[in-house]
Amino acid sequence: MFKLLSIELLKVRRSQALWMMFAIPLVVVVLNLLIMLKRHSIGALGEPVWLRFWINNSMLWCSFMMPLYIALVTSLLNGQEHKNQTWRLMLTLPISQRQLYVAKAVLAWLFVLGANAVLLGASALSIALLGLAGASLKGAFVFPLMALLAKISLACLPVLLIQHALSWRVRNLVLPLAIGVAATIGIGASGSSEYWRWNPWTYALMAANGSQPAMHTQALLLAAGAGAALLVLTAFVLGRRETET
Amino acid sequence: MPSPVIQLHGVSKAFGPHRVIKDLSLSVPARSIFAFLGNNGEGKSTTIRLITGLLRPDRGDISVLGMDVRSERRAILAQVGVIVDAACFYPNLTASEFLRIGCDIKCLPRSEIGRVLDMVSLGAARDRLVGKFSLGMKQRLAIAHALLGAPKLLILDEPSNGLDPEGIRDIRLLLSSLPEQGECTVFVSSHNLDEVEKIATHVGVLKGGALLFQGALAELHARSAGALLVDVCDAARAGQVLAAAGYQVESGSDRQLTVLGVELHAADRVNALLVTSGIGLYQSVFRTPTLEQWFLKEHHV
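Each protein sequence line maps, in turn, to chains A and B.
Residue numbering for the first sequence follows our numbering, beginning at 1 and increasing consecutively.
Residue numbering for the second sequence follows our numbering, beginning at 1001 and increasing consecutively.
If you are wondering where the hints come from, they were derived from the structure by calculation, not from laboratory data.
All clues stand as given, with none of them false.
Only pairs whose alpha carbons sit at most 25 angstroms apart, straight line, appear in this in silico DSS-like list of lysine-lysine:
#1 Lys-3/A to Lys-1152/B
#2 Lys-3/A to Lys-83/A
#3 Lys-1207/B to Lys-1022/B
#4 Lys-1207/B to Lys-1297/B
#5 Lys-83/A to Lys-1132/B
#6 Lys-3/A to Lys-1106/B
#7 Lys-1297/B to Lys-1198/B
#8 Lys-1022/B to Lys-1297/B
#9 Lys-1152/B to Lys-1198/B
Let's have the full structure, built from the sequences with the hints guiding it.
And the structure:
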């Protein structure tokens, strides 16, 4: 599996998906940074503003940009094979379809981990730069960075696997992207209701920003369970199909 | 006699109501260059996908290198180099990065990359992006990928597509040298019948999803009706004698005529008939139909 994963990593060199991993989280950070600087002068930046900056970044990321990013990146990773018809090349090598499916799912998850790291790194870097410009850094880095990264990386698994399965099966990029956009719009409605548990797209938001600590744990447990079930199910079903009909 | 490298027995495959392959049985001898021929839509690519395990047959058995494709697909593909349909690439990778994919999956040393690139004369382009390659260079790269690890069997679908005349010659020389160099068998599907005829030792011809002929190319030639060119002292009289014996004759000059639609073994009878009829026979040359002529005749074109 590690060998196949290293090959999948080789295949994304100089690819659009790689650029997206940096560009999309940066958009979130830059947007929130501009909003913060519009509201507060550099001299007025302090502990409560930094906390709000971290929360805004994670909320915008979890409730809007990350689901869209997952839809985009899974479409690009699988679309590369559809577009170049390289499924045939890969599946005439001594690997199984199921191995390839799982390797690509892990690769997509690594891309989410990478984007999360870029988001958190860019947030920290922008604060540090403001510190160099004269802002007070008191309380700027108390937000639990690593815990947040771990939570949203786990909580996004069901969405990632749904989008990956769709993009694996559907040659056209439009359908998986459309589903991703529609489901992301639904986060706002179901995320604030008691039915959020039925919408996997809300799990990342609830795990990172749920109003009660119990919601964080529940979202993580649901995400882990649904993620494992989806991986087994989709790998079993899609791995059995003929590659071309 | 070594066992066949590819063996299909009673294989059928349908896509919905459309039966593409009908009870196909095929046997590809070891160390042969087997040309798999047929018009578009006759089932060549489907057969290749069945052999490589990309598709599963509805009925019948397929074995490659003595192993069952269904149960030992990965073990088979470790020893086989394949180009299915058009060559496919990752345009964002360099030639050597692209070959690393096959090299790593087959657990081969990286030195293989240089070896196969040199074999297809792409050594100088190893660090260039595949997306910037010409069609011919891409085709060479696909062949290089198939050659990784010196496979026991090469399955090539239209390997000369997009190649210039020099490239076609180079690939022909390369492919024809493979069975001599080692244990490699080449299974090649192509529309370029002239090229195929230059390298093939055996042929299989598909028509309507079923096999029209399979065997040695020499056997096909021997069984095919050709033309016998005879130089005689009196062509007019020779024509009368042969026509009376039921041969179809076309006169050329007063000393030359052509007997049409005869097989190689019938040439002796024609010669004997002329001599026993007292007609002086100076020369008799049998002209085998080319593979293309035979193919077009069988497909009623």
